[in-house]
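Asker: The residues making up each chain are set out below.
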Amino acid sequence: MDDFILRALAAGCGIAALAGPMGSFVVWRRMAYFGDTLAHSALLGVTLGFLLGVDPTLGVMGVCVVLALVLVALQQRRALASDTVLGILSHSALSLGLVAVAFLETLRVDLIGYLFGDILSVTADDLLRIYAGGALALALLALLWRRLLAVTVDEDLARVEGLPVTALRLAFMLLIALVIAVAMKIVGILLITSLLIIPAAAARRFSRTPEQMAALAAVFGMAAVAAGVLSSLRWDLPGGPSVVVAAFVLFLASNLVPVRRG
Amino acid sequence: MSTHPKSGPLVETHGLTLVLGGRTVLNRIDLTVNPGEIVTLIGPNGAGKTTLVRAVLGLVKPTAGVVKRMPGLRIGYMPQRLNIDATLPLTVRRFLGLWRPVESTRMDRALAEAGVAHLAGSPVQSISGGELQRVLLARALLSEPHLLVLDEPDQGVDVHGQAELFDRIADLRRSHGCGVLLVSHDLHTVMARTDKVVCLNGHVCCSGHPEDVSRHPEYHALFGRHADQLAVYLHHHDHTHATDGHVLPGSDGDCCGHDHHHHEPEEEHRHG
Numbered sequence: 001m002d003d004f005i006l007r008a009l010a011a012g013c014g015i016a017a018l019a020g021p022m023g024s025f026v027v028w029r030r031m032a033y034f035g036d037t038l039a040h041s042a043l044l045g046v047t048l049g050f051l052l053g054v055d056p057t058l059g060v061m062g063v064c065v066v067l068a069l070v071l072v073a074l075q076q077r078r079a080l081a082s083d084t085v086l087g088i089l090s091h092s093a094l095s096l097g098l099v100a101v102a103f104l105e106t107l108r109v110d111l112i113g114y115l116f117g118d119i120l121s122v123t124a125d126d127l128l129r130i131y132a133g134g135a136l137a138l139a140l141l142a143l144l145w146r147r148l149l150a151v152t153v154d155e156d157l158a159r160v161e162g163l164p165v166t167a168l169r170l171a172f173m174l175l176i177a178l179v180i181a182v183a184m185k186i187v188g189i190l191l192i193t194s195l196l197i198i199p200a201a202a203a204r205r206f207s208r209t210p211e212q213m214a215a216l217a218a219v220f221g222m223a224a225v226a227a228g229v230l231s232s233l234r235w236d237l238p239g240g241p242s243v244v245v246a247a248f249v250l251f252l253a254s255n256l257v258p259v260r261r262g
Numbered sequence: 001m002s003t004h005p006k007s008g009p010l011v012e013t014h015g016l017t018l019v020l021g022g023r024t025v026l027n028r029i030d031l032t033v034n035p036g037e038i039v040t041l042i043g044p045n046g047a048g049k050t051t052l053v054r055a056v057l058g059l060v061k062p063t064a065g066v067v068k069r070m071p072g073l074r075i076g077y078m079p080q081r082l083n084i085d086a087t088l089p090l091t092v093r094r095f096l097g098l099w100r101p102v103e104s105t106r107m108d109r110a111l112a113e114a115g116v117a118h119l120a121g122s123p124v125q126s127i128s129g130g131e132l133q134r135v136l137l138a139r140a141l142l143s144e145p146h147l148l149v150l151d152e153p154d155q156g157v158d159v160h161g162q163a164e165l166f167d168r169i170a171d172l173r174r175s176h177g178c179g180v181l182l183v184s185h186d187l188h189t190v191m192a193r194t195d196k197v198v199c200l201n202g203h204v205c206c207s208g209h210p211e212d213v214s215r216h217p218e219y220h221a222l223f224g225r226h227a228d229q230l231a232v233y234l235h236h237h238d239h240t241h242a243t244d245g246h247v248l249p250g251s252d253g254d255c256c257g258h259d260h261h262h263h264e265p266e267e268e269h270r271h272g
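Line order of the protein sequences matches chains A and B.
The first sequence begins at 1 in my numbering and counts up one residue at a time.
The second sequence begins at 1 in my numbering and counts up one residue at a time.
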């Protein structure tokens, strides 16, 4: 097998290992659209990073965090329904990113690559970034696991029990931003959310504990990456979308498998 | 009866006032819960019962007035309802251990005390509303609380289950020596099993011993027809107590004499 295929598989599996547990939380906390909105702002982060002369990953993290804070502030005011706020910010952030890219003629951006991912052009540098960022995010998630579960079950209960609810919510948003920054180049900002939620949704029926679901989601994600990358090579298909289609097929198939309850 | 070293109140509010969106939800509330005491908040819908509980818990900041909690106070809170997403695979046992690591023998004991020992391995989303209430009660007991705060624990429980539930709460108060602050809209079952009733309608209409409150005119104004049914119930209850030699009528409830036309100012608030 060629090196670039191995790198693609390694990168995809690294992201899937992170996306499994993170995506499970996104599903449990009903934050799929929230994650999507943050992902859509990533392009703006890339251009801002370029403008400020910092690493695009930092730019993406920065913009995601700012957007997350704005979202929380707007949702607390309750002047508009939550999905309306998300819809406004999601598409505005994406369009701002596209406009910014067009303005900066000196910035040569592989736009399609950012939007839909380019898993077959992963470099050794990217791999390092994915595994370093992924390990950091997973370690943080493991550290906060039980407390995040408590906050997910009920925020008031968590507050009465003395948990720092606001800090935990912020930490979780930061983790989502980290996932987006890490996964952006591989599956693309338009498709990141699918890698978070589809494997997790497929894993739900086979799990009896949160940990089982997180681990199984990671395995399903890796299977989707492998199937997607290989079919992309075989039939010359776009990499990112192939991975998502593979995940979708896996999700459909998982619903056909009978599960014994009890 | 109480095993508490400190004898002061567990929670006290003084002049607690809360204005939400221009509406005075709570108006100068004085409330005290002592160790080993069951205090029941009753009142019509929108009377501010849950809001008062949330203020006592520290979940909402009062606009004016103070909430004083005993230093080091441990609260076991049982919310009115809990919506756990169906996608989260969580057994009852796992659920109980989310807030702090708990030994499994303690978990089993708490579940048994709440009468739901058989549910330990069931997914939390699969159990009925009444069963969930008891699991929430078991959860509240796990921290060995000084104060149990129960927001409408009788919701989704049938009449027979309610009587049993309130008996259970009274038992828990004895065995754990904890104070209990509970919200109820069901007058019948609660009245016989509480030390103090606080009748709430934005402000404290009247408070005191359940039988005194049940005779108070403001209480009748609030509950009307239902109050009469309750009087019948209490009459029946009086007899059982009389055989115990319990003194029945007498001590005056702590009823407010200042503002008996309270509905009118509230109307003005809305128009202003």
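The set of hints was computed from the structure by calculation and includes no laboratory data.
Using N, Cα and C, we set each Cβ at its ideal position, and we do this for glycine too.
Keep in mind that a hint or two might mislead.
[As the list claims (entries may be wrong)] Computed, partial: chain B to chain A, Cβ under 8 Å: (1) Leu59; (2) Tyr77; (3) Thr87; (4) Leu90; (5) Trp99; (6) Val102.
Asker: Does each hint fit the structure? Answer for all of them.
Answerer: The hints, checked one at a time:
Restraint check, leucine 59(B) versus chain A: the minimum CB separation of about 6 Å is within 8 Å; hint holds. At a threshold of 8 Å, the smallest CB-CB gap from tyrosine 77(B) to chain A is about 4 Å, leaving the interface hint in force. The closest approach between the C-beta of threonine 87(B) and any C-beta of chain A is roughly 5 Å, which is under the 8 Å cut-off, so the hint is satisfied. Interface hint status for leucine 90(B): upheld, as the beta-carbon distance to the closest one in chain A is roughly 7 Å, under 8 Å.
For tryptophan 99(B), the suggested interface contact is upheld, since its CB lies about 5 Å from the closest CB of chain A, less than 8 Å. Proximity of valine 102(B) to chain A is violated relative to the hint, the smallest CB-CB distance being about 11 Å (cut-off 8 Å).
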